[in-house]
Amino acid sequence: MRLRRTLAFSRRALLQFRHDRRTFAFVLIMPLLMILIFGYTFGGDVKGIAVEVVNHDTGIPSGSSLLLPDGLFLAQNITQHLDEDILSVHTNTDGEAARQIVREGKAWVAILFPANFTQNFLASLMTPNTVSSPKIEIYLDGSNPTIVAAVLKEVTQSVQTTLQELSASLNISEVDMPIAFEQVYAYGGGETRFIDYFAPGVVCFAIMMVTTMITIILFVNERRNGTLQRLLVSPASESEIVVGYALAFAMIGVIQSIVVLVAAILLFDITIVGNIFLALVVILLLAFGHQGLGILLSAGAKNELQAIQFIPLILFPSILLAGLFWPIESIPSYLQPLSYIIPLRYGIDAERSIMLRGWGISEIWIDILVLIVFAVLTLSASVLLLKRKN
Amino acid sequence: MKVPCFLQKQVSCPSCKTILLCTSAAGETVKVTCSSCGLVGKVTFDRLFDASSKVVEIHNLTKTFGTFTAVDTLNLTIFKGEIYGLLGPNGSGKTTIIKILCDLLRPTAGSAKILGHPLPCKSVMDQIGYMPQDTAIYLDNTVHENLLFFGGIYGMSKEQLEKKEHEMLTFVNLMEWRDSLVSTLSGGMKHRLSLACALIHEPTLVFLDEPTVGVDPELRAAFWGYFESLARKGITVIITTHYMDEADHCTRVGLLRQGHLIADGRPNELKEKTGTRSLEEAFLFLTGRKQP
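First to last, the protein sequences are chains W and C. Take the first sequence: its letter number 230 is residue 229 in numbering that gives the first Met the number 0, and every next letter is one higher. Take the second sequence: its letter number 164 is residue 163 in numbering that gives the first Met the number 0, and every next letter is one higher.
Source of the hints: derived by calculation from the structure; they are not laboratory data. Mixed in with the good hints, there may be bad ones.
Below, simulated BS3-like cross-link-like pairs (lysine-lysine); rule was C-alpha separation at most 27 Å, straight line [stated by the list, open to error]: (1) W:386 <-> C:112; (2) C:53 <-> C:16; (3) C:121 <-> W:386; (4) C:189 <-> W:301.
Put together the whole structure using the sequences plus the hints.
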């Protein structure tokens, strides 16, 4: 090995960077972006979970019990101990209305305290094993296991804290926890595993990545090879070019998602409760939109090397902000609004609603509408881009 | 294929000055023997074109890129059945002119008409064949798939395509490579396929941007033979090249330098006018870099 020859390679490579400032900037800025994005979004606790609390507990008014001269409102105490940071509590007076809110996906959980909650608690404390222990009904949207776990942990903790305070004030030793949780699942039946939760997301994510990247590279090549010029001189219109390719990739997208879903069903036994055709429609829309995005991005890349630089640009926001692995509630609240501008969010949301909650078009029409608007916008912008001439 | 139209031409014998009457078809070269002194020579008949049918009309066309002027107030008319050669060194504006005529670039000033339609005009595009300087074919498809695709975007039927594909593959000598991936072909083969893709839909006006670069001499001669046969069918062929020796095949050439058309005429005319023996010398003479 000759040093002079070896160094010639190093020098050539470094000189190349000098000519391609953009790649050089990419090399520097990329890791910086990664540490920032991951630092702020990754592994944060779930926060702001929408919860409906229905408190029918009449409690024990002050003066009505010798043991408790100040009275006791156990449900109220438990509610007060719920961490407002983690749970975004809304009080409701009607139990059925609260359950309906959960079914509509506007809240994750309804916590319902029955009328005789405190009285039952005292009775079961005095005469254990004779009276049935008081129950808190937890009505859950079980489609997101991370949120289910966070809510159950939070409620259990509040109950424990409340009981510890109570035993301290009554000057008795630790009480056995005679409070039962009755978990009722609106969706998921409490058996939603992490794989069930993220299979719909992974399908969307795979479609998004593959469609965007293939389209970018395809169009970068069309430009570089001169075939695009030839197409533009032909009678084929710009919209025929865009729609023609969009149909091909949509077809690939559908085949791809069928393969992923079949594998997920056979290997991981994932549950799909909703309409699989509606799920495929969402995939199609997602593919169309990202096809358009790919064509638009391809205009900003002169070669494959520059095209590859778009990967992190579309990869990280999607992984971190679209609720792919972690619920959107786990992103810091000031970053959460960003998730609304990421189309993948709506795709994932729609697919999860279809597969885990069994929702139909009447419940997910907003997601569908956003995806249609995204596809129409990016595809028509692509047509305009191809029409642009010097 | 020959046009059934014979021309007569009077020539004087270079040695005894006898006036001879020759008869042949347009575009042909015939051997002539002098009736008095027996000297044998060749007489070339100019190719005919239809001067009444203007295929390309360029009027005061200018194209600038920033401060650089690629084409400067160009005026040019090209007629049906011509093989018009745009000649000039690299950067003289040949490709820019072609791209403007194909509506890939918009002129900065001036106007152009194609087949009687002012540009931009999408409706004449199905009559145009374009072979860009880049190979411009799909490397990840086979030869057959490329021809199928380019024929398809011109709306050719399956039967038309089959017939035409056979003809084109025979012409460019790629029949046995029909099902090969283009990426596995040699540079020259790709070039031939690119030409076939530009011609498969039987256009009436063909733009060929340096079609003979990187093509071996034998095939180059075949290409020119084919272009001449197209012209005889009334198809107009516009070719850019910087090989001056090739331009003798053209009915007319335009010499370009730094965006200016410095001369325009039949190759023989230009040579006679400048008193030079080749177009290359004529070009150098016209640019003031060489004395006759």
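Checking against the hints above, which ones are violated? 2
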